[in-house]
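J.: The chain contents come next:
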Amino acid sequence: MTATTLIELHDLCKNYGEKTAVDHIDLKVFSGEVFGFLGPNGAGKTTTIKMIVGLLQPTSGTVKIAGYDIREQPLQAKISSGYVPDTPSLYSKLSARELLRFVGDLYSMDSRQINHRIEELLQLFSLVESGDDLIDSYSHGMQQKASLAAALMHDPKVLVLDEPTVGLDPKSARLIKDVLRQLADRGSTVFVTTHILEIAERMCDRIGIINKGRLITVGTMEELRAMRHGETSLEDIFLSLTGGAETAEIAEVLL
Amino acid sequence: MTTLEATIGVKPVNFWSYVVKLMRLRWVILINGFKRAKPLRKYLTLISGLLIVGTFAGFFVLTGSVLRLLNSPLLSESGINISAFLEAIPSLIVTGAFVGILVTSFMALLQALYLANDMDFLLVAPIPVRAVFLTKLLDAILPNLALVLLLGLPVLFSLGAAGRYNILYFPLVLVVLAILALTAAGVSSLLVMAVVRFIPARKVGEFMVFVGGIIVFIGSQLIGLNALDFATMTPEQISNSSGFLTILNSTWSPLAWGGRALVDLGEGRWTSGIFFLVLTLVLFGSVFVLALTAAERLYHTGWATLQVGTQQRKARHAIERSERSGARASTFLNLLPPPVRAIMQKDFRMLRRDLRHMTQVVMPLFIGIAFAFLVLNSEGEVLFGKGEAPDWYMELMRSVLVYWGMVISLMVGWALTSRLALTSFSMEGKNYWMIKTSPVSASKMLAAKFLIAYLPSLILGWLFLLVIALVQKVPFAIILYGFSSVALFQAGLGGINLALGVLGANFNWTDPRRMTGMPSGYLGTAISLTYLLASVLLFFVAPVGFPILGIASEFTGQLIGLLAGGTVALLCTILPLVLVKQRVYGIGEE
Chain A
1 MTATTLIELH DLCKNYGEKT AVDHIDLKVF SGEVFGFLGP NGAGKTTTIK MIVGLLQPTS
61 GTVKIAGYDI REQPLQAKIS SGYVPDTPSL YSKLSARELL RFVGDLYSMD SRQINHRIEE
121 LLQLFSLVES GDDLIDSYSH GMQQKASLAA ALMHDPKVLV LDEPTVGLDP KSARLIKDVL
181 RQLADRGSTV FVTTHILEIA ERMCDRIGII NKGRLITVGT MEELRAMRHG ETSLEDIFLS
241 LTGGAETAEI AEVLL
Chain B
256 MTTLEATIGV KPVNFWSYVV KLMRLRWVIL INGFKRAKPL RKYLTLISGL LIVGTFAGFF
316 VLTGSVLRLL NSPLLSESGI NISAFLEAIP SLIVTGAFVG ILVTSFMALL QALYLANDMD
376 FLLVAPIPVR AVFLTKLLDA ILPNLALVLL LGLPVLFSLG AAGRYNILYF PLVLVVLAIL
436 ALTAAGVSSL LVMAVVRFIP ARKVGEFMVF VGGIIVFIGS QLIGLNALDF ATMTPEQISN
496 SSGFLTILNS TWSPLAWGGR ALVDLGEGRW TSGIFFLVLT LVLFGSVFVL ALTAAERLYH
556 TGWATLQVGT QQRKARHAIE RSERSGARAS TFLNLLPPPV RAIMQKDFRM LRRDLRHMTQ
616 VVMPLFIGIA FAFLVLNSEG EVLFGKGEAP DWYMELMRSV LVYWGMVISL MVGWALTSRL
676 ALTSFSMEGK NYWMIKTSPV SASKMLAAKF LIAYLPSLIL GWLFLLVIAL VQKVPFAIIL
736 YGFSSVALFQ AGLGGINLAL GVLGANFNWT DPRRMTGMPS GYLGTAISLT YLLASVLLFF
796 VAPVGFPILG IASEFTGQLI GLLAGGTVAL LCTILPLVLV KQRVYGIGEE
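Same order as they appear, the protein sequences are chains A and B.
At position 51 of the first sequence the residue is numbered 51 (this note's numbering), and the sequence of numbers has no breaks.
Offset between the second sequence (1-based) and this note's numbering: plus 255.
Do not rely on the hints blindly, as some may be mistaken.
Said to hold, decoys possible - When the alpha-carbon atoms are kept at most 25 Å apart in a straight line, the in silico DSS-like pairs for lysine-lysine are as follows:
# : chain 1 : residue 1 : chain 2 : residue 2
1 : A       : K19       : B       : K458
2 : A       : K64       : A       : K157
3 : B       : K293      : A       : K19
4 : A       : K19       : A       : K157
5 : B       : K458      : B       : K290
6 : A       : K171      : A       : K64
7 : B       : K293      : B       : K458
8 : B       : K276      : A       : K64
9 : B       : K685      : B       : K293
Derived by calculation from the structure, the hints in this document are not laboratory data.
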């Protein structure tokens, strides 16, 4: 099966006044792959993600999802994508079941299909018991799972996740990693940011590292290792590329 | 200093320096907020400050004049015993301040202790817990105390000046008010913890916003509707009222002791003055210290954060109930495109379940009820010009009364539509990303938000109109005209306010009263009022005026009214929404 380009960023820029948050990014992400988008705090990861899912308008450049330009054909592009933000802000006065029905209706899904999918997802994320409780009574982990269930409701071709494993217990984190892997194996694209480099190293097929708004490297783990002679772990590669190695030395002197 | 402290370089600092540091932090936050505010807000803050100083001065002068009037020999000759009332004033103000601060600091303390999210940060820092709590109490009472001082000090100082009180009276006023305010806040903090023990803090917060909004609204309406008519009061009634107020100055009321101490010391009755002052300071000081100690212990041991109750089960029952009522409404909603239906169902649920949003709906309903009482009290009679007025005038008044019900229906709907439409996007808050990332066009979003504002207002307006029409026995044809004009008017109002809601959308709010920014709020009110006045003229001048002037029949007048008012209403529905349609895609990106 030939891989198709499901996310395509071309010369993507975002400025806030004089500050450049994202600086001329070119990137293609293909079907069937889990793409890890890494970078230090404030590097431009969330801004890039927000432009991919249509939450922010780029200053210049284009974003294409499944071949549709997010600016020119936003509805077609959004039909193909699902998004899980870093903090799960969900409607606190809805139950998980109502939230999923709401999302299903937003995507104009058939009513029977919605019911079936809701039960499937609640089962998958162990939310059947609490499915009728209001979301404001959920723990952070449960809200994160409800957020992921909402993103998966319409079975998107492209799933974009911002720090999906933050605050999750090991069992839930493992479940989410398994779900993402399965999605990619079924031909979807998973675009994920994380600060946990072990997860990125084990789970992602390709990794992109962004620093100060610029995409400084993209490749598989093998390709990254080949580019950085002598550095075998993703942590070393990441630190040497983003300047964290010097910070580590300073920290050593201070402590 | 211990060896460990010496090793890590920690210098011992006394308790009060921590309080000062924490208070300074608040001050820095306040100043930063002012410095970084937009110029318009800065000017408004400065003007508000000047107005406050002006109010204080005005109050001082006004109370001085009132006190001189009350002390005048003419009033004594009329048989009214005013001296007991004057002596009771300090006790009344002190009691009022205590009760006021006890009630108002509840919400402030709930916010400071449970909703501000800085308690954990402060409690893990090497700061005495008591300093943290004292700062929180001061934070909670200072704005309210400032208000009490603004309103109470001019009266108390004027009283002192008019009665030529001893100089000690003036600083002691401040001391007594301060100790009572602190005690009230201490007791209030215990109340907050007792409530939070059973109900989650966020729910208590929502409830308090709801109750606060309703109380303020009802209070304002009651003042408007049932203001005491002093002009018609007899001297006996005034004496009785002042007698009732002096009950609050009873020796047996601990809250009155502070006031009595002030008057006695002011008038040179040193023994009783010092006795009451010491009694006040010891009693309220002890209550304050006890409350502070208990509050920090309860908070620290986790007693107040460990909720007991059956919230989950209640929430589930609430959902089941709302599901049943929702199923009835879904027949109509099923006719709409799924995304429009989804947004509407979700918003109706949020309005019903979130008390903070419910306040927005309930207040206009109260306006409706208040207006309904006014109309029903008139029993359908011509209100003005009875008996000897010319026939044409009586005819005009009858027509005006018939159409007056419709005007009031417009006003009732006006309050609800404006509020719902103006806040329809802002009410999404931080959850707006869910709609923005989904494939819903701007037209569908606008349609859903428009219907959410329009339908409840239309139903309310029609119901209101129907009730008034039945009471006034209005002919069916006129009721139909009323229904059409209300429907058209509400649509135009919805369009205007929704467009302003898009332009002024604000997703960073915790208090729903701050959902709309000042510019869009004021602009919305101004434009809506203009539209209301224009609509009243366009819809009702022709049907009322034509038959009286003999230009045409009432029916022709109604047709012309519908044509004129309807055209403007439809333009106001569509045009603003077309103009802001593209803007919908950019909401929340600033």
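J.: Are the hints correct? Go through all of them and say.
T.: Structure-based check of all given hints:
Only pairs whose Cα atoms come within 25 Å are accepted, and K19(A) paired with K458(B) is rejected, the gap being roughly 40 Å. Taking the CA atoms of K64(A) and K157(A), the gap is about 13 Å. The hint holds against a cut of 25 Å. Only pairs whose Cα atoms come within 25 Å are accepted, and K293(B) paired with K19(A) is accepted, the gap being roughly 21 Å. Of the supplied pair hints, the one linking K19(A) and K157(A) is violated, its CA atoms being roughly 33 Å apart against a limit of 25 Å.
With a CA separation close to 33 Å, the supplied pair K458(B) and K290(B) exceeds the 25 Å bound. With a CA separation close to 34 Å, the supplied pair K171(A) and K64(A) exceeds the 25 Å bound. Restraint check for K293(B) and K458(B): the C-alpha separation of about 33 Å exceeds 25 Å, so the hint is violated. At most 25 Å may separate the alpha-carbon atoms for a hinted pair to count; K276(B) and K64(A) exceed this at roughly 52 Å.
The straight-line distance between the Cα atoms of K685(B) and K293(B) is roughly 23 Å, inside the 25 Å bound, and the hint therefore holds.
In this structure, the earlier hints numbered 1, 4, 5, 6, 7, 8 are contradicted, and the remaining ones agree with it.
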